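Chains as they are written, first to last, in our numbering: chain A, 137 to 489; chain B, 137 to 489; chain C, 137 to 489; chain D, 137 to 489.
To be clear, the hints were calculated from the coordinates, so they are not data collected in a lab. Do not take every clue at face value.
Covered by chain D, according to a simulated footprint, are these stretches of chain C (three or more residues, beta-carbon under 8 Å) [stated by the list, open to error]: (1) 354-361; (2) 415-424; (3) 429-437.
The model shown is predicted, which means the values in this text are computed figures rather than measured ones. For glycine and all other residues, C-beta sits at the position ideal for the given N, C-alpha and C.
There are 4 protein chains.
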Amino acid sequence: MPGNSFGTLFKLMTFGESHGPAIGVVLDGVPPLLDLDVSDIQKELDRRKPGQSAVTTPRKEGDIVEILSGVFEGKTTGAPLAMMIRNEDQRSKDYGEIKDKFRPGHADYTYQEKFGIRDYRGGGRSSGRETACRVAAGAVAKKYLETLGIRIVAYTKSVGNIVAETIDYDVIESNIVRCPDAKKAVEMEALIKDLRGQGDSIGGVVEAVVMGCPVGLGDPCFDKLHAMLGHALLSIGTVKGIEFGDGFAATQLRGSENNDAFYQEGDRVRTKTNHAGGSLGGISTGEDITMRLALKPPSSITVLQKTVDRFGADQDIQVHGRHDPCICPRAIPVVEAMIAVTILDLFLIQKAF
Amino acid sequence: MPGNSFGTLFKLMTFGESHGPAIGVVLDGVPPLLDLDVSDIQKELDRRKPGQSAVTTPRKEGDIVEILSGVFEGKTTGAPLAMMIRNEDQRSKDYGEIKDKFRPGHADYTYQEKFGIRDYRGGGRSSGRETACRVAAGAVAKKYLETLGIRIVAYTKSVGNIVAETIDYDVIESNIVRCPDAKKAVEMEALIKDLRGQGDSIGGVVEAVVMGCPVGLGDPCFDKLHAMLGHALLSIGTVKGIEFGDGFAATQLRGSENNDAFYQEGDRVRTKTNHAGGSLGGISTGEDITMRLALKPPSSITVLQKTVDRFGADQDIQVHGRHDPCICPRAIPVVEAMIAVTILDLFLIQKAF
Amino acid sequence: MPGNSFGTLFKLMTFGESHGPAIGVVLDGVPPLLDLDVSDIQKELDRRKPGQSAVTTPRKEGDIVEILSGVFEGKTTGAPLAMMIRNEDQRSKDYGEIKDKFRPGHADYTYQEKFGIRDYRGGGRSSGRETACRVAAGAVAKKYLETLGIRIVAYTKSVGNIVAETIDYDVIESNIVRCPDAKKAVEMEALIKDLRGQGDSIGGVVEAVVMGCPVGLGDPCFDKLHAMLGHALLSIGTVKGIEFGDGFAATQLRGSENNDAFYQEGDRVRTKTNHAGGSLGGISTGEDITMRLALKPPSSITVLQKTVDRFGADQDIQVHGRHDPCICPRAIPVVEAMIAVTILDLFLIQKAF
Amino acid sequence: MPGNSFGTLFKLMTFGESHGPAIGVVLDGVPPLLDLDVSDIQKELDRRKPGQSAVTTPRKEGDIVEILSGVFEGKTTGAPLAMMIRNEDQRSKDYGEIKDKFRPGHADYTYQEKFGIRDYRGGGRSSGRETACRVAAGAVAKKYLETLGIRIVAYTKSVGNIVAETIDYDVIESNIVRCPDAKKAVEMEALIKDLRGQGDSIGGVVEAVVMGCPVGLGDPCFDKLHAMLGHALLSIGTVKGIEFGDGFAATQLRGSENNDAFYQEGDRVRTKTNHAGGSLGGISTGEDITMRLALKPPSSITVLQKTVDRFGADQDIQVHGRHDPCICPRAIPVVEAMIAVTILDLFLIQKAF
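If we strip away everything but chain A, and leave its shape as in the complex, we get:
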């Protein structure tokens, strides 16, 4: 029942339910003397927050973060850095529909069985709301990685069967789907709006790239770079799969096609291709670390579904509320955050030796 902490040297512990007093995160192992302002955190939270566009939930939450400790005169001190977001919008509401009924695709049933108790208000701990804490943690990690020249970019690669064909990083934040292909972004937006109109939802693929990562991060044999990233990213509720480099496509390749030939570029050993996605033997090569994540369609839909209640009786259910019809746009800062905390942790571990 632990499991709410992550990391070895850069550790996070998150807390909070969607409808409790607050959510937050404590970071233990923040390198000292890092310039940090609350706006560094808020900026990332704003990219995740609900109500930011026509393709996200219209729910309005300020998600104003407060730094409670660990920063002094604009710099981190090396002491734990705690951040808290008060929950708003907690009007007394009728939760009757979900108090006893198990929503399909949600954790209602498994939480009830595992814990014997469940904060049924809006999903409680299992709510996607906990990802705000990851974003806050990631914002701190990103600040440090920036000083090392490491940059992380994630974007919507596909929504349903609409796939981005061009990858222009400059386009990502200029459309509300966060797609690097401006033309496909328009199609994706239309599809999402259409599904929302039907009370339904759709999945998608998020692609992420880490640029500027030094050679040598990741540890044999269980803490390989992509094993750690896999752990981090598969822990995001909506993620059902992950692949690195060519991933599943590599299963159809021959070794002679998939091996990346080495060549020398100045002082640096590089590879001509990057089928491997930036790691060999679980250790970063210095090439871009590339990965793709499978995000399932959000489970909260108003379409009528079959389920049972806590008492074993058959029930119909419609999950009302203001939900995301496609989670990709809001998941992107969460993906970047989890990559950032993982890379920072591996960087610190490597620095120790």
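Position chains B, C and D relative to chain A; hints supplied.
Just chains B, C and D, lined up with the frame of chain A:
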């Protein structure tokens, strides 16, 4: 540079290089009073060992395991269970070809950069040989899981673009590809042999299923069931991707298609479909836990490749030796083992609460 | 630089500086379905808070705790339980005296060297104020241990060279020194007041007993019961030594004097004496777990002292403020708390097997 | 039931029973490129091995260590370093006396209750024999610390009530008690021999000093330097207490007596006295780290004792065999080893930030 240990309550630490004196594993947190004989371990190791069939490396290694501690009068005592396999076949050999040249697709370059030193004989620590230790650990975990009625099955789902169409568990161990489709197994075998003749290799997909897992395993939020499995399985050197349930296919589904409707079956809440692959909110549902792994084509090929050496000079390389042209058949016991140790650890954690 | 978290299954992570916005703690791994009210926490905090008596600092802090998560309808949910105490009394103050000068006996110098930055206001992270978070965590652990019949008692055994001669648990909370010997308590109180008058301070010994602990807690070989307790208790800033059972006195005994003879009492194996202090081979025997802690005299004194400043210059220093002349009375709830979190963690680990 | 591993970045996992096939240790997180020869390990093991002098057990064990992995061409590779010692002297013996009877002062009863099974041959896992693995691990850590100029010395401070009065490090290894006072060493030796003649045993105090430790090791708030050392050293079976600096004596001091005044010595801030024992706020000051350990009299004595057996019947017991009448001389390398692994781990953690 740690990273050679895994688990919270059921912990393993592995050691050993492919051409050093021995490889082995220590298990800390073995439940006491479990019946265990060395043959329980050897049986699983024999499924992984080289030279077992016409589609694996012809290298002959006995891989005879010795239990060094933790078992008394046929039962585990709760003390650390150490197992060791002496390396054989360590004839003095000319490693000139790989001593200074970086083999494409291998960890030679990244180990050299990370550690500043590298046991170049046969890959050293980065050799696939370390997976024998995982299999030994998994054999102990499996014995315990059996007492709980939990069963793990893995098999070759595809080799290159040949995909199993029928899934018959009884067929798996009856063909050397470990494919559950007897007809496709013949095609796969032919393809592998053909590629070996060419000095090349091929990737494949391994599918795995956990049956009989109780509801409630996996811990929110970072230690979700599939995050832990992802960590465990992506740490196998050859695995480049993993997906649970419908995985990447779910990205093209609507919520109304992907949600699994609940129904009551006797005392038990079940789902009519299993798109989720056995977990909701990161916690097991009691349905089969299903996953697919992308295995890259083995990097050791005799096809001529371009590379560089430690001194920055361009080099041609041919990786001679007796290598696996497709790793799926031998990876299967490794996959099962990593699943077993992960599930056992989560089971023990859940039992504590 | 991590180190602000503790525990394996029952984990705590604390945060906060003495003069920052807030201090707090997050508990991960709280067993669900435990009855818990904020008053359970506040009650323990009130035992630790400053200004409670004539022998503690007269500083007034409400130390009002707020539960931010993990409790629903009066019961723990198994989700992280976060608690926060807002800092009060943060008037703008002249810290000139300690901003650049290193206070003898304090962590000013070591923090400056370790982190390269230091929140000099009232000690920052190194302030004894962080122990309030431990007390809050311990209050939750105690509630659970109570349901198991485990009780923890700590008291002032000596102040300077005044030693309690009788041990009456009922007397402890009835005097402000928390001494189990009412007569000696009067002497201790007089000594403490006298030293405060002189601007000086005094050390003491705190003794603690765990009653009702089941047989079998503690894990060979590194996580022995008293090793875990030692780790927990030596992490309290003021503690300079710990002994279990007869401790240092046992070094003068013969084996025939120190060994505790076993006898049978009903179903239970017991020992006639308890020189061992409740553990054998690092595992609890079911007898009382007994220990004594050496608490140094508080470092904050107004007596003139010699020191240096950050720039290497000799300096005189007088540490003004409202400090504790003897920390034993207020350390007692902290000691109990650390014992409680340790025992609970070991209990859960044992329950897993 | 785990607990057989220790450390965060420099991790050890030990295994083995006194009468099983072998004992050993795996080190994960060994810095690469360290010169290491098997003789570096053997040298330390020889200081611990039985039969080395007239005041230790006459039991003869070669304790020949074999390095199984992690060293290549005389240097560590950063891969796990496994070491194994085969058990000798395992003649079939009559364990009837201890198979069912619980030896007072031993872990027989607690192991039986905790695990439900017990390897009764010579104590099994609870045997002091496991400390050989600690010494092997410590030998590796010491080699690294030497390169940093960190030196660890431990010695017998007292045996029974005979206390060393002079501390001359050069004398320590020149007498069989390992006492730094040559004159008192003679008395100690006589006392130990006398007690052995009586079939009894005696306790003692071991003092240890770490010299040359840089400022800044140890992490607030739970992983303070002396908390980590306390954990490490209290995990040695025979240790019943530990104190740092003035320890329990400080409880009788005033703050004005106990605080160590700072002064500047060249570039370095130093303290005129070292009551604190080398740490402030849990972080090393650069002064000597000093500590004293209470070692109980060995429990194995031939004096007749009262006990019970597994079936609840009263029994007399005499523990025959070849036992140490005073464990201090052989504990010293174990104490040094545990200090070394702890300091190295803290050093690596600090280096990461």
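Hint by hint, here is what the structure shows:
{"no.": "1", "hint": "354-361", "verdict": "holds (count 7)"}
{"no.": "2", "hint": "415-424", "verdict": "holds (count 7)"}
{"no.": "3", "hint": "429-437", "verdict": "holds (count 8)"}
Hint compliance for this structure: every hint is met.
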